[in-house]
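*Asks:* Chains as they are written, first to last, in numbering that gives the first Met the number 0: chain A, 0 to 246; chain B, 0 to 246; chain C, 0 to 246; chain D, 0 to 246; chain E, 0 to 246; chain F, 0 to 246; chain G, 0 to 246; chain H, 0 to 246.
Honestly, I wouldn't trust all of these hints.
Unchecked claim - Pairs of lysine-lysine, DSS-like flavour, derived with a Cα cap of 30 Å:
hint: 1; chain 1: G; residue 1: K111; chain 2: F; residue 2: K116
hint: 2; chain 1: A; residue 1: K100; chain 2: C; residue 2: K57
hint: 3; chain 1: D; residue 1: K90; chain 2: G; residue 2: K100
hint: 4; chain 1: C; residue 1: K116; chain 2: C; residue 2: K72
hint: 5; chain 1: F; residue 1: K111; chain 2: F; residue 2: K72
hint: 6; chain 1: G; residue 1: K168; chain 2: F; residue 2: K72
hint: 7; chain 1: H; residue 1: K67; chain 2: H; residue 2: K111
Just so you know, these hints were derived from the structure itself, not from any lab.
There are 8 protein chains.
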Amino acid sequence: MKVFLAEIIQKVYQQKITPDEALKHLQDFPYQELSFAKVDHARELRKGSPEVIFGQGKTPEQLIKIAKAILEKGSNLLITRLSPEVYQKIKRQLPGGTYHKEARCLMAVRTKAPEGKGRVVVLSAGTSDIPVAEEAALTCEFFGNEVDRIYDVGVAGLHRLLNHYEQIKQARVLIVVAGMEGALPSVVAGLFRAPVIAVPTSVGYGASFHGLSALLAMLNSCPGGVAVVNIDNGFGAGYLASLINHL
Amino acid sequence: MKVFLAEIIQKVYQQKITPDEALKHLQDFPYQELSFAKVDHARELRKGSPEVIFGQGKTPEQLIKIAKAILEKGSNLLITRLSPEVYQKIKRQLPGGTYHKEARCLMAVRTKAPEGKGRVVVLSAGTSDIPVAEEAALTCEFFGNEVDRIYDVGVAGLHRLLNHYEQIKQARVLIVVAGMEGALPSVVAGLFRAPVIAVPTSVGYGASFHGLSALLAMLNSCPGGVAVVNIDNGFGAGYLASLINHL
Amino acid sequence: MKVFLAEIIQKVYQQKITPDEALKHLQDFPYQELSFAKVDHARELRKGSPEVIFGQGKTPEQLIKIAKAILEKGSNLLITRLSPEVYQKIKRQLPGGTYHKEARCLMAVRTKAPEGKGRVVVLSAGTSDIPVAEEAALTCEFFGNEVDRIYDVGVAGLHRLLNHYEQIKQARVLIVVAGMEGALPSVVAGLFRAPVIAVPTSVGYGASFHGLSALLAMLNSCPGGVAVVNIDNGFGAGYLASLINHL
Amino acid sequence: MKVFLAEIIQKVYQQKITPDEALKHLQDFPYQELSFAKVDHARELRKGSPEVIFGQGKTPEQLIKIAKAILEKGSNLLITRLSPEVYQKIKRQLPGGTYHKEARCLMAVRTKAPEGKGRVVVLSAGTSDIPVAEEAALTCEFFGNEVDRIYDVGVAGLHRLLNHYEQIKQARVLIVVAGMEGALPSVVAGLFRAPVIAVPTSVGYGASFHGLSALLAMLNSCPGGVAVVNIDNGFGAGYLASLINHL
Amino acid sequence: MKVFLAEIIQKVYQQKITPDEALKHLQDFPYQELSFAKVDHARELRKGSPEVIFGQGKTPEQLIKIAKAILEKGSNLLITRLSPEVYQKIKRQLPGGTYHKEARCLMAVRTKAPEGKGRVVVLSAGTSDIPVAEEAALTCEFFGNEVDRIYDVGVAGLHRLLNHYEQIKQARVLIVVAGMEGALPSVVAGLFRAPVIAVPTSVGYGASFHGLSALLAMLNSCPGGVAVVNIDNGFGAGYLASLINHL
Amino acid sequence: MKVFLAEIIQKVYQQKITPDEALKHLQDFPYQELSFAKVDHARELRKGSPEVIFGQGKTPEQLIKIAKAILEKGSNLLITRLSPEVYQKIKRQLPGGTYHKEARCLMAVRTKAPEGKGRVVVLSAGTSDIPVAEEAALTCEFFGNEVDRIYDVGVAGLHRLLNHYEQIKQARVLIVVAGMEGALPSVVAGLFRAPVIAVPTSVGYGASFHGLSALLAMLNSCPGGVAVVNIDNGFGAGYLASLINHL
Amino acid sequence: MKVFLAEIIQKVYQQKITPDEALKHLQDFPYQELSFAKVDHARELRKGSPEVIFGQGKTPEQLIKIAKAILEKGSNLLITRLSPEVYQKIKRQLPGGTYHKEARCLMAVRTKAPEGKGRVVVLSAGTSDIPVAEEAALTCEFFGNEVDRIYDVGVAGLHRLLNHYEQIKQARVLIVVAGMEGALPSVVAGLFRAPVIAVPTSVGYGASFHGLSALLAMLNSCPGGVAVVNIDNGFGAGYLASLINHL
Amino acid sequence: MKVFLAEIIQKVYQQKITPDEALKHLQDFPYQELSFAKVDHARELRKGSPEVIFGQGKTPEQLIKIAKAILEKGSNLLITRLSPEVYQKIKRQLPGGTYHKEARCLMAVRTKAPEGKGRVVVLSAGTSDIPVAEEAALTCEFFGNEVDRIYDVGVAGLHRLLNHYEQIKQARVLIVVAGMEGALPSVVAGLFRAPVIAVPTSVGYGASFHGLSALLAMLNSCPGGVAVVNIDNGFGAGYLASLINHL
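Produce the complete structure using the sequences and hints provided.
*Replies:* Okay, here's the thing in structure tokens:
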């Protein structure tokens with residue numbers, strides 16, 4: 000942006016353009032710059048220009064329109080929270096995308112995203128947590144990270160977790176997904192050194208209160224190195240893990 | 000009770016007492032019997048006659064009065080939730096008792112309680128959970144159980160728990176005390192076979208919400224074999240463990 | 000496990016195997032052992048090898064696959080939270096099982112489980128609590144316990160409970176299931192000596208808040224000897240009762 | 000009131016007063032009337048003119064000022080939620096009053112209130128609930144009702160309640176005070192026919208959540224005939240019981 | 000009951016029966032008596048023998064079976080929370096009943112219930128609260144009370160309430176039904192002298208939290224004379240109002 | 000109202016009407032007046048007589064009946080919370096109305112409402128918040144206000160908000176609609192001077208708890224000048240904005 | 000701001016400054032502008048330059064330092080939430096201020112604030128709500144508004160409110176302060192036409208849950224024209240009322 | 000560890016030790032190894048051996064004992080949540096430590112920790128959030144990170160945040176601390192690219208519910224790249240930021 004501003008001023012100084020012409024160029028300057036800066040950000044961050052649409056609560060028409068705009072710019076496309084029903088309605092209009100049923104994501108990758116520096120390991124406590132874990136894992140992959148998936152290693156059978164000790168130790172970032180009592184992130188953070196992004200899920204019944212129980216447990220995690228995202232927010236965990244893994 | 004009723008009727012049949020005298024004896028019969036039955040219960044259950052006073056919210060005068068009544072019957076005495084301040088005020092009147100500062104209990108054991116069949120192992124996640132764990136452990140001992148204490152073995156350092164693997168395996172009943180994320184009972188129930196009585200504590204801050212977080216986690220415990228008592232209810236856990244250990 | 004380790008070392012000492020071969024055998028040793036220990040547990044605990052599947056949230060395909068694996072090992076099978084709709088879809092593939100509609104369980108018992116030492120008595124406060132009570136009772140039976148069912152004896156008509164006084168007194172373990180105000184476990188624990196496992200149900204409306212009201216009441220139970228499992232968790236109560244009854 | 004309006008209009012018709020004078024008399028008519036009606040109410044309701052001050056949160060100066068105004072009108076005086084500390088500060092200024100320490104009430108009765116038609120029976124579950132129960136009982140007495148107190152008859156020992164069966168059966172209105180699991184009103188309403196006013200107390204700890212647990216239990220009371228007032232609101236229960244007992 | 004006991008003893012004294020025969024008669028005595036007492040209660044209370052079934056959560060088969068048993072005894076029948084769909088399935092089997100669609104009640108009255116002493120006035124804040132109000136009103140009528148219905152008089156237009164001032168003043172008992180902010184019972188209790196039974200409804204959206212907002216408001220009602228039943232519990236309010244109106 | 004009273008009294012004084020006739024006119028006077036006053040209010044406030052129906056929970060028959068009554072008086076009509084399904088059922092009976100699908104409102108404006116003094120600007124954080132924002136905007140327009148809509152300017156991309164800096168600065172009243180973290184009203188109130196009416200929406204998932212998260216955030220807004228309405232209450236915000244804009 | 004930019008460019012064009020000098024002037028341009036705009040805002044808004052300090056949680060030293068800085072600029076000073084204890088510590092350093100004990104505010108007004116256009120009327124439901132109401136009223140006065148205080152007019156005695164009918168009708172903005180059931184704003188909004196800013200207070204006990212009950216009631220207010228601020232936030236209500244009253 | 004195992008086996012193979020001796024060496028092998036691994040971890044992670052004590056709830060004696068043990072090992076020392084009162088009691092025994100009053104931390108750094116790769120920027124919304132922010136910042140520094148502090152840049156005055164645009168842009172990790180509405184992390188994550196660790200604080204009153212409001216807002220953060228730690232958990236945020244910054 001500074002370059003742009005400097006050029007304008009240089010031209011004024013050289014009297015190649017009049018002050019009025021300069022002002023016209025600059026008229027939305029402060030807000031525009033911020034806007035540009037932001038776009039700039041995005042460009043640096045997500046080389047290959049991936050953009051993400053939160054599919055839930057959008058109509059098929061809206062989804063098609065936004066997705067086409069992204070694809071026309073030649074960007075990669077990720078739609079999260081896309082139900083199979085809505086996918087059926089839009090798939091003809093969006094050829095070239097792959098729909099991941101379990102994670103309920105649609106992806107179309109045209110340009111490989113810049114590679115993350117290490118591996119992200121995604122763990123899930125139970126099999127019912129897999130859809131959220133998959134959303135996290137696919138998000139990581141979409142943004143250029145290599146991902147290991149280790150599922151169904153909850154605290155009910157700790158040996159299952161320990162069997163993957165060496166593999167988990169290799170992770171640069173850990174995503175730990177659990178419902179019910181939400182104890183897995185605490186156990187993992189007690190055993191391993193990588194930063195842990197904890198994802199509570201709404202899996203459970205009764206006093207799980209749709210994920211509240213797991214959420215609170217994770218926030219109160221005794222070992223250090225754990226931070227928490229919203230209930231069922233696989234995308235948020237994957238996106239943050241990618242940010243960290245690209246540092 | 001039936002014996003009592005049979006005797007009355009026998010005496011009537013033998014005309015040793017009149018129907019009116021019989022009715023007078025029997026007038027509060029149904030409730031009385033229940034009352035007797037209850038006392039009977041108590042007697043069988045707690046041979047050596049231990050009785051327990053919940054000290055919190057009682058004045059020194061009330062405590063002394065109730066405690067003396069118990070001691071005069073020759074029974075064992077346990078006062079829980081007795082603050083050091085109140086203890087100072089009553090100790091002269093209750094000679095022969097031992098005050099456990101950490102658990103805030105006063106105990107006076109005159110007759111050994113009937114022995115439990117196995118060992119109760121009491122685990123605590125952190126050092127701050129020890130007062131509640133001690134209340135549980137002392138309650139168990141008061142009711143005639145041998146107790147192993149294994150403290151500060153929370154999930155932040157799982158190896159500390161595993162170091163006690165063999166000892167925990169010997170338990171007939173497990174009491175697991177934890178605050179914050181309350182994950183320890185789930186981990187323990189996943190590794191060991193004995194029934195687990197989980198005690199959430201109010202240890203923590205922020206989103207622990209005075210023990211709510213730990214409570215919910217324990218109720219949602221994924222492995223089977225766990226049941227939960229009220230927050231900070233060490234006595235309740237110890238009493239239940241004793242019931243089970245005397246089966 | 001120690002036997003296994005000793006054998007390996009003996010063979011090395013006798014130079015029947017080389018150090019490299021020994022290390023290969025031992026390479027996943029610490030985790031493997033834990034894993035073996037766990038299986039060991041399971042074997043001792045559940046002679047006749049019953050295994051349990053939580054049916055809710057699993058697809059028919061997943062259920063059939065897991066169930067077949069269990070049956071092929073010759074184990075007993077219990078699927079809980081199995082809706083009639085899903086049962087219709089899987090029943091052809093799992094011949095020999097009995098579906099309990101009210102408790103929404105599928106059971107296939109091939110080898111009798113080891114017998115519990117006493118009787119488990121399951122009480123329910125209302126008729127609407129029966130599905131949860133049945134899940135508890137069937138779970139107990141699946142694990143080898145004799146069960147008495149006493150239903151619809153809530154505090155609205157205490158005489159109904161008292162009519163079963165003698166029968167309840169015989170119980171080694173009590174499971175008490177109640178929704179709404181959740182008062183029954185407190186009343187039962189005040190009258191009887193056996194340990195009480197309290198199961199809150201989501202039966203009720205308005206300020207029952209889907210079982211929260213009953214849950215809180217049970218956690219605050221004034222008489223000792225009560226512990227609580229998750230809302231509607233009949234299986235958890237039955238499993239814990241069986242653990243205690245096999246002590 | 001209609002009489003008052005008719006008189007004014009009659010006087011206007013007879014030209015004893017001018018329209019302007021009439022309007023002056025009538026200017027605050029609608030509100031005034033309501034106000035009069037209200038006072039009327041009060042007078043009819045509480046013959047002997049008892050008035051009640053909620054003491055909590057008022058300064059000694061405010062209390063003295065309001066109390067003196069009431070006493071000067073010759074009315075009876077009841078101050079609730081009056082701490083011993085504040086009582087010490089105001090007692091000299093309010094001679095003739097009796098302070099009830101446990102219920103934290105000050106009463107000065109000059110004229111006997113009109114008698115209620117039957118007896119109000121106040122039950123409390125535990126000894127810690129007695130301050131709230133006493134507030135209820137004294138309020139009843141203040142408004143002219145005969146009161147039976149039956150304390151410490153909670154569900155932990157049901158026989159204690161049943162021992163008072165006949166006495167409770169005589170009640171025209173029942174007030175049932177309980178903390179912790181709040182089960183007593185349900186049990187009482189299941190056994191007796193009189194309307195039950197349930198008062199949850201903040202007695203308890205942990206998951207009692209300062210009376211929330213008892214409150215919810217009482218609202219979900221399974222047997223009919225129960226209504227609930229605010230946590231610790233002994234005055235509210237006593238006042239309502241008196242209203243009903245004077246019907 | 001005492002008569003029964005006296006007769007047995009008299010027969011023993013007269014040696015018309017042996018002690019063993021007497022004991023056989025008396026064996027379940029304490030519980031039996033309670034049971035009889037209870038039935039006795041019921042009979043006195045509900046002359047004409049009305050019995051009530053909570054329809055929600057019961058199958059058509061269960062409803063028909065219970066209802067027929069009641070009708071065969073010649074009793075009056077009230078089924079509450081009966082959806083139109085279920086009513087369609089059972090109506091042929093239960094001729095002679097009247098279905099009230101709005102209140103979702105089925106009633107069959109064969110013998111007039113004993114008359115209440117005064118009028119019950121049922122007020123509702125909004126039109127959406129009418130189903131709950133109607134459940135209350137019909138319950139009152141079922142138990143023999145005359146009922147005035149005054150609907151849609153919420154605090155948004157206070158004049159609507161005041162227009163019914165005289166009529167409300169005649170009530171012996173008031174039932175006030177409101178959702179949303181739940182302010183109407185407070186306003187009514189401030190204006191009128193009769194006891195107020197407040198019924199919060201789940202009418203509202205957002206921060207009404209399914210009736211929690213109205214419930215809390217009613218529990219905190221500033222003017223005295225208000226007690227509260229569960230959210231949407233029209234039956235409970237009607238039943239309690241009838242108890243009071245028959246005093 | 001005073002005029003009305005004065006006229007009656009004047010007529011009595013002049014003996015044009017008898018006292019009885021006067022009383023008949025005046026019989027419901029106090030309440031009537033209030034009622035008139037209220038209507039008066041309404042008339043002044045909403046010249047052109049717009050009336051509003053809350054459509055949710057009303058049957059098609061009820062809606063048609065109320066709407067026709069309004070239209071027959073020649074008033075403007077606004078039905079909020081009208082689902083497309085119900086609209087289909089009533090539209091033939093209510094010709095001349097325009098249905099706004101997104102805001103789920105039906106409007107029929109016959110007489111232009113009195114104009115507000117400035118512009119109301121309605122901002123929404125996301126596209127999913129638009130239905131609530133539209134309800135607010137249409138309500139404002141219905142009551143005679145000019146409205147600017149600025150949608151999808153949430154804090155995730157602050158530059159989008161700043162791009163509208165000048166336009167927002169012109170607002171006399173701001174309505175800010177947001178779900179999820181509900182941060183937009185705080186940001187807006189920190190930047191602009193107009194009063195902000197904040198509307199939390201139920202948009203979100205997991206720990207948004209159906210709008211609770213946004214609601215709490217808005218209530219805790221750090222910059223001054225913000226007040227909050229119920230979750231999803233677009234109408235309430237629009238109505239209040241109109242009141243302020245007509246001052 | 001545009002002027003500032005135009006001037007710089009003009010100077011460059013006239014070569015009075017070099018491009019580098021221009022860039023230095025402009026380097027923080029977008030943020031700087033925003034910052035200036037803000038100050039500008041403040042100046043316009045609060046002529047006489049009043050500034051407000053939230054006293055709670057600040058040390059006496061911090062308060063003195065900030066207050067002196069404000070006073071040295073010649074501005075008016077308002078410190079809210081200033082406890083008497085802290086006031087004692089700082090009063091010597093801040094001569095010329097008036098401390099309002101009940102509202103816990105310190106005010107020093109040097110220049111009269113610009114006058115609001117109408118009157119603000121502040122109503123409180125009870126006497127215990129007065130501190131919050133006073134904070135609101137004094138805030139209004141500090142910002143140049145004339146205020147009427149009408150206290151202790153809660154719904155327990157509606158006639159007290161109606162007695163002030165004419166006075167309230169004159170208000171341009173209404174602030175309604177209430178704790179407990181929080182019903183007063185709904186009643187006021189149903190009777191009067193001015194916008195209502197509702198302030199829930201933490202006055203109450205038990206199920207008032209420190210103001211939650213009143214807060215929820217106010218958010219669910221049935222009549223339109225009500226918006227809500229945080230619990231006990233008298234300042235926020237006063238500030239918003241002033242904004243509206245200066246429109 | 001494998002080395003250790005290989006050596007033992009080699010010695011057995013070479014018959015330098017007997018199988019029994021080998022088994023004795025290996026007997027606690029699996030748990031021991033895990034334990035070693037953990038220590039290993041710690042050593043790698045925190046070169047210079049910093050160890051951290053959570054001071055809250057520990058007695059002065061406990062603190063001195065643990066701290067001395069750490070210092071004797073030559074490690075760095077950090078005690079968090081150390082009140083000034085307790086610090087006074089222990090400071091003589093722990094010479095060489097620096098007490099940070101605002102953050103309530105005691106630090107003694109003997110060996111410089113390994114340097115983080117970039118800068119951590121800690122932002123706070125208000126001045127009252129500074130203690131928590133300082134705890135985070137000091138924790139970062141203790142673990143070897145360079146930290147920029149930017150305090151009091153909450154959303155009430157966005158320009159203050161934007162004034163630090165360039166400085167914040169340099170951050171490798173961002174810690175954002177806020178109470179009340181908790182909006183700052185969302186705004187920051189919308190503007191900057193670094194991962195954001197959000198720390199809700201208990202700063203606020205009323206509906207902030209001791210930090211719940213800020214916590215929920217942060218969990219629902221609309222822009223990606225945000226994860227949340229417990230309320231007031233400055234240490235947790237600093238520790239996690241350090242982990243990330245050392246990647």
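*Asks:* Against each hint, give a clear statement of whether it holds in the structure.
*Replies:* A quick look at each hint next to the structure:
no. : hint            : verdict
1   : G/K111 - F/K116 : holds, 27 Å
2   : A/K100 - C/K57  : holds, 15 Å
3   : D/K90 - G/K100  : holds, 26 Å
4   : C/K116 - C/K72  : holds, 27 Å
5   : F/K111 - F/K72  : holds, 15 Å
6   : G/K168 - F/K72  : holds, 27 Å
7   : H/K67 - H/K111  : holds, 19 Å
In summary, this structure violates none of the numbered hints.
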